[in-house]
Amino acid sequence: MPEVVLSAQNLVKHYPIRRGVLRRTVGHVKAVDGVSFDLHKGETLGIVGESGCGKSTLGRLLMRLEEPTSGSVVFEGQDWSGASPKDTRRLRRDIQIVFQDPYTSLNPRMTVGDIVGEPFEIHADVVPKGGRRKRVQELLDLVGLNPEHINRYPHQFSGGQRQRIGIARGIALNPKVLVCDEPVSALDVSVQAQVVNLMEKLQDELGLAYVFIAHDLSVVRHISDRVGVMYLGRMAELGEEDEVYARPTHPYTQALLSAVPVPDPTLRGKRDQIVLVGDVPSPANPPSGCRFHTRCWKAQDVCSQQEPQLELRDDGHGAHLSACHFAEPRVIVETTDVSGLQPDTRFTTTEVGDVPDSGAGLGAAGGGEELGSSQADSTAERAEAMDPPARRPDDLSALTEDPQDRPR
Amino acid sequence: MTEATITESSSVADPHDAGDVGEERSLASDAWRSMRKNPMFWISATMIAVFVLMAVWPSLFTKTDPTFAVLAESRAKPGDGTWFGRDIQGYDIYARCIYGARASILVGLFTTTGTVLLGGTIGVISGYLGGWVDALLSRIGDVFFAIPLLLGAIIFLVSLPDFFNDNYLLIVLKVVFALVILGWPSLARLMRSSVIQVKPNDYVQAARALGASPWRVIRSHILPNALAPMIVVATINLGAYIAVEATLSFLGIGLQPPAISWGIDISSAIVGLRTTPHMLFFPSLFLSLAVLAFIMLGDVVRDALDPKNR
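Chains as they are written, first to last, in my numbering: chain X, 321 to 728; chain Y, 2 to 311.
Among these hints, one or two may not hold up.
Taking CB as the label site, the calculated pair distances span [as the list claims (entries may be wrong)]:
| no. | chain 1 | residue 1 | chain 2 | residue 2 | range |
| --- | --- | --- | --- | --- | --- |
| 1 | X | 617 | Y | 131 | 40 to 50 Å |
| 2 | Y | 171 | X | 337 | 47 to 57 Å |
| 3 | X | 449 | Y | 54 | 34 to 44 Å |
| 4 | X | 423 | Y | 293 | 30 to 40 Å |
| 5 | Y | 122 | X | 347 | 28 to 38 Å |
| 6 | X | 406 | Y | 122 | 27 to 37 Å |
| 7 | Y | 144 | X | 361 | 53 to 63 Å |
Source of the hints: derived by calculation from the structure; they are not laboratory data.
All values derive from a computational prediction rather than experimental measurement.
Glycine included, every Cβ here is placed at the ideal spot set by N, Cα and C.
Between the sequences and the hints, there should be enough to build the whole structure, so can you do that?
Shown next as structure tokens:
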């Protein structure tokens with residue numbers, strides 16, 4: 321296993337709730353409540369979870385855009401929490417962030433050249449002044465944009481192109497870790513594929529390690545080496561991509577995976593879909609013991625009294641980290657693993673000319689006729705992997721909004 | 002939509018942007034480029050230049066002494082030997098309009114600059130820092146905001162020591178001082194709210210994540226995006242301040258005869274409103290044109306600073 325570059329150690333972020341004239345603190349929103357993980361060199365760690373579970377706060381803590389209430393972020397053995405402003409500045413070169421919304425993450429009043437070149441202005445010693453413009457153009461080229469568009473403003477680009485600009489800014493300083501806070505959630509599916517493929521390409525070329533925060537399970541499976549599942553500010557399950565997706569042991573992960581839409585009409589109604597009841601409890605007043613026990617079908621007395629630790633638990637084939645007293649694997653019909661397939665080169669550039677197979681997005685039936693059978697299979701599988709978010713952008717809403725398929 | 006059509010449509014949208022590869026551009030150079038192409042900019046800039054020239058060098062426009070009264074020709078109509086006629090004291094109205102520009106332009110410009118700098122700075126500080134600094138600065142602003150402008154200015158001007166009545170510039174500065182002290186809170190509030198609106202944007206967070214200093218974040222990210230409302234309000238206020246200066250002069254504080262200003266002339270012309278309206282018309286026309294020129298310039302600058310409007 322390669323060396324650890326970034327390590328979160330028991331990160332906690334509580335936001336005070338203030339009330340009244342005197343602004344007294346009456347409680348805390350426990351956005352992130354004790355999250356630990358290691359990120360290895362060159363790997364991708366996916367973080368999934370539903371809205372409000374603390375994913376984005378975790379990303380901001382890793383970036384030091386917020387001060388953690390307690391716990392620490394350790395980068396290559398150096399604790400970033402107590403670092404001096406000078407060290408912090410230096411560390412910022414090694415950890416960068418890509419934001420979710422390409423429409424608010426670029427300053428509308430700066431040219432692309434200024435946006436991507438800003439890292440060099442801030443860290444003036446990285447590239448000498450005369451070479452900056454050339455370096456910016458190289459970066460634009462690297463992320464698949466026309467280097468001649470350096471004088472354009474963000475509003476002259478499409479969403480996917482803007483996200484590429486954001487990525488170019490993120491990798492400008494040659495960071496070792498890139499925190500991606502839902503980098504493709506605001507894009508439509510074909511553009512998502514382009515951006516995800518671009519990120520994989522950059523990872524290979526630059527040896528980046530990604531913390532990939534998303535709520536789209538298919539996309540996370542596509543890009544991640546390891547996956548962490550968060551619920552209410554805690555890590556519920558953490559393991560290799562196969563372990564989490566094929567042999568989930570935490571009931572929440574199982575419910576989450578069972579809610580992923582499967583693009584196969586013949587499976588309709590036959591799937592073992594787990595529909596959770598109730599809402600996510602308020603992070604201001606999380607349940608005692610296991611945070612998930614209020615909605616868990618396996619919950620027993622011990623769950624509300626004793627907090628399950630995130631530790632290695634048996635998953636049938638081996639063991640991976642899971643925080644459930646009654647962890648046991650359960651087979652869920654889930655997303656298809658396409659990571660072993662040849663990457664699809666059709667969407668790696670924005671230059672969409674004449675694509676012979678225009679029906680690729682429709683799956684095997686739409687685009688398979690002209691292709692050889694093996695290629696058709698891969699097309700179909702990829703379409704499956706990429707399609708779900710188009711039909712239901714918010715996968716997780718299915719958890720509470722699907723009354724038809726309640727388990728009997 | 003393919004890449005090709007995007008490229009085409011955007012290059013059609015701004016034909017002057019065709020030289021994509023050209024030399025390095027920035028917001029300031031692009032703003033200047035687009036302003037130069039705007040006829041409104043040249044119209045307003047010419048008008049302002051004429052008024053400023055009037056203020057600096059009035060004898061360039063008229064040889065008549067504005068303090069030379071011909072009482073026998075009091076209230077003479079335009080054309081009776083003078084261009085704009087004479088007022089109730091028998092002064093040449095044209096000469097007084099020319100000479101009045103200095104006081105009015107000085108008061109308007111200085112007050113606007115003062116309120117923009119003071120109010121803008123305080124607004125940016127309280128909006129950016131937030132917390133107790135914001136609470137403190139906002140309450141201080143509220144205190145000044147609660148004082149009625151005219152009442153406050155009267156008290157302020159009357160209580161100033163006589164030292165300020167010594168020379169012309171000091172008298173003007175006295176009025177400017179009073180108006181800035183009472184006028185900054187509205188701009189501070191405006192600036193604070195736009196800074197608060199801009200601050201949580203991801204591009205500000207991205208700059209912080211890159212390790213940008215607060216000064217850089219404010220200068221290159223927050224200010225350019227928060228400035229537009231203030232430019233509009235400040236240019237409109239410029240006219241209002243010239244008018245307030247006139248009111249103060251009318252009330253007998255502020256500028257005093259023998260000082261010459263449009264405000265003084267407008268207020269002294271009220272007596273002949275029905276019989277000899279030209280006494281009111283010409284100084285008011287000059288005042289309106291000056292205000293219009295500044296408002297137009299403010300509009301042009303605001304549009305030029307917004308790349309989407311190009």
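Violating hint indices (sorted, rising): none
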